[in-house]
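Asks: Chain B is fixed; fit chain W onto it per the hints.
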Amino acid sequence: MKPEHLYRLIFALIVAGGLALRLPRLELRPMHGDEAVHAVKFETLWQTGDYVYDPHEYHGPVLYYATFPFVWLSGAQSLAELDEQTLRVGPALFGAGIIALLLLLLDGLGWRVVLATAALTAVSPIMTFYSRYYIQEMLLAFFALLVICAGWRYWQTGNPGWALLGGVGVGLMHATKETSIISLGCMAAALGVVAVWQRRSGTKERAGEEPEKGIEGSRDRGIKKNVVVWGDLVVAAGVAILVSVLFYSAFFRHWRGPLDSVLTYATYFERAGGHGLHDHPWYYYLQMLGFTHLARGPWWSEGLILGLALAGIGVAVTGAGLSDQPRRLGLVRFIAVYAVLMTVVYSVIPYKTPWCAVQFVQPLIMLAGLGAVGIISWVKPWPAKAVAAVILLAGAAHLGWQAQRANFRFFVDYRNPYVYAHPLGDVKYLSAYLEKLADVHPDGYRMLVKVIAEDAWPLPWYLRGFERVGYWEAPPAELDAPVVIVAGDLAASLPAGFENDYEISFYGLRPDIQLVTYVERELWQEFARRQEHLAPGPVRERE
Amino acid sequence: MSATLIVAAVLSLADDGAPGAAGAQGEVAKESKAAGDLVPLNIKLPKPAFRGTPKHVPPGTNLEEPRKGPRPPFMAAKGAVNVAAGKPVTSSDSEPIIGSIKLVTDGDNSADEGSYVELGPGLQWVQIDLKEKAEIWAILVWHYHANARVYHDVVVQIADDPDFITNVRTLFNNDHDNSSGLGLGRDKEYWETYEGKLIEGKAAVARYVRLYSKGSTADDQNHYIEVEVYARPAK
Chain B
1 MKPEHLYRLI FALIVAGGLA LRLPRLELRP MHGDEAVHAV KFETLWQTGD YVYDPHEYHG
61 PVLYYATFPF VWLSGAQSLA ELDEQTLRVG PALFGAGIIA LLLLLLDGLG WRVVLATAAL
121 TAVSPIMTFY SRYYIQEMLL AFFALLVICA GWRYWQTGNP GWALLGGVGV GLMHATKETS
181 IISLGCMAAA LGVVAVWQRR SGTKERAGEE PEKGIEGSRD RGIKKNVVVW GDLVVAAGVA
241 ILVSVLFYSA FFRHWRGPLD SVLTYATYFE RAGGHGLHDH PWYYYLQMLG FTHLARGPWW
301 SEGLILGLAL AGIGVAVTGA GLSDQPRRLG LVRFIAVYAV LMTVVYSVIP YKTPWCAVQF
361 VQPLIMLAGL GAVGIISWVK PWPAKAVAAV ILLAGAAHLG WQAQRANFRF FVDYRNPYVY
421 AHPLGDVKYL SAYLEKLADV HPDGYRMLVK VIAEDAWPLP WYLRGFERVG YWEAPPAELD
481 APVVIVAGDL AASLPAGFEN DYEISFYGLR PDIQLVTYVE RELWQEFARR QEHLAPGPVR
541 ERE
Chain W
1 MSATLIVAAV LSLADDGAPG AAGAQGEVAK ESKAAGDLVP LNIKLPKPAF RGTPKHVPPG
61 TNLEEPRKGP RPPFMAAKGA VNVAAGKPVT SSDSEPIIGS IKLVTDGDNS ADEGSYVELG
121 PGLQWVQIDL KEKAEIWAIL VWHYHANARV YHDVVVQIAD DPDFITNVRT LFNNDHDNSS
181 GLGLGRDKEY WETYEGKLIE GKAAVARYVR LYSKGSTADD QNHYIEVEVY ARPAK
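Residue numbers (the working numbering), protein chains in the order written: chain B, 1 to 543; chain W, 1 to 235.
Next up, chain B with everything else stripped away, as it sits in the complex:
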């Protein structure tokens, strides 16, 4: 088999492995509150055909539009018919798509770096975990890499089509999440740094390749490599704006949307500045990725990626280790500077949630891929090379093992560093309980349910099949209903004696936050009678 064919086969296997960690059992983890919010936002767009951007919350609309193909394929007609898998499959495919995109950098990084990067992306616990989340992160990371790839291909080929694709990518980034400005800013800064770096170091491209030529004013000399034509940039920028405006205006319905998509940064800059619930010290992400052991039980580390990324910086600085690969040192240095800048910026911003780290982990993994190949190249004796390769493969396998455990065993475990402000599995049992009650209530799913809690998410997702559900932040004057669900800290504010007519049980919403569930006694007795006629079913063992 030719090496090229072998590399392609390995790459295909890596993509398959990445999908195997991302697609199966997407329903396993209970819906996070944020996922539930996005599901409801999607429903509004789906059922009304309309979208209005909220500059204070929820981010851009691309996630919702990207959900449509999977909803159409599912045949669902309403939110009640939607399931977790249908919503999460999109981000999962974008997560795997990040691996596939690396092929566009093949002539810049070479097969070995691409394969190493692809393998680390496929098995990285954080990259797999948040690929299974119905949130914007994986889409944003995908589009950011798309912009880098398109930019590289444009630089390599001079084909204006790549510039257009880059413009589309920028527009989609902006329409996905406001934090795209960080990625775009770091890309621009990295380009500037690398341009200066390359000039000062006097780096020459490999023999036979054209030297870098910089920017030209027009395309009157035809398509050329290593030339940026102003016209192409202008068109790309126009496309980026058009794409962003399309989404934020809900396809020209609401012109306030595009304006708000810019004004929103006042909100986000304030939020990023700190003094909020999600403020963490600068080392939060690095500590989380480096080593997490919150209590007895599993420990977690993506330290291999951090360590290899440091080696990747060495490759970028010295250029050593890439002699047997087709390469462009400029691209390598761009990746290094971009990854470092992203890591620094995300670390400096006080507002931190674990999923935000995806944006800088993705370029860090590219840097780690460079570092892995660099290390093997630096080690000279063949036995030592073999040992280094085996160690790196073992490290990657360990990452994959952690990813498997994070996604399929510790998916709601507080010791998993990526489980953050997450509901307990109890929410699923509460949902199942209410469905059984609806089965015996004369009104069925029109049974009235009242929910009293300051933050009830993700309950709206789990109660989506009920047609009459009301939400209050404090007990309403008219409290009676067949089912009343009250947050534990508000239960004391219910009228004295209210509990006398109800059968009461409680479910965990989040650790130490309970939902007290009041079910009218008559309804519960009918439910109990029905249950007693059911023979005990088979006990499901842990899968």
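If you are wondering where the hints come from, they were derived from the structure by calculation, not from laboratory data. Errors might be hidden in some of the hints.
Quick list of in silico lysine-lysine cross-link-like pairs, BS3-like style, CA-CA up to 27 Å [as the list claims (entries may be wrong)]:
id, chain 1, residue 1, chain 2, residue 2
1, W, K235, W, K68
2, W, K68, W, K131
3, B, K436, W, K68
4, W, K133, W, K102
5, B, K428, W, K188
6, W, K133, W, K68
For clarity, every value in this text was computed on a predicted model and none was experimentally measured.
Replies: What follows is chain W alone, placed relative to chain B:
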């Protein structure tokens, strides 16, 4: 007595098992002709390990009220001892997250680090093979008592075969919504304390004991510090 001991004693649980302990003892004595003289069970309790109970527990829930004072002595047939000590244990989770399944019957019921086994999320069970049929008077279970928590869907069954097909009897079930599929439970949920949960065996004869649970108010995992089965050889 230290403050910790006082608080834990005050917060120890009330009734154990579905019927009141004292009343049930009388019933058991009548039902079991083989019982002979009843004597208090000799239970060695661990040290209390936490103060207080979780906040925001409203009245009238399916949760036992905290009891003032220690649990009254439990009367059992003379000769009933912990026959589970050192007996083989199996589990629905072949790969415990923490500890070994052997800890369930190792004789250590303290809340110390290293004294418990942690099983995965969702419905899980542990099963004890008493090696021979025994007349069971009480089953004591400590899931985890290093802090205040309530385990859900606690179901205790006994049977004559390891697959729980033959002569299966349910001694305790607080699965109030039948979400575990073992039948609707009428028993109440309860706070974990150093006293453990005492479940009456009613002198039932069985070789296998299985205990189910489905996460707790603290997290979705299932923990077992110790299970003691007070019984005497079946006649």
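Asks: Could you run down the list of hints and mark each one as holding or not?
Replies: Hint by hint, here is what the structure shows:
no.	hint	result
1	W:K235 x W:K68	38 Å, violated
2	W:K68 x W:K131	38 Å, violated
3	B:K436 x W:K68	37 Å, violated
4	W:K133 x W:K102	21 Å, holds
5	B:K428 x W:K188	21 Å, holds
6	W:K133 x W:K68	36 Å, violated
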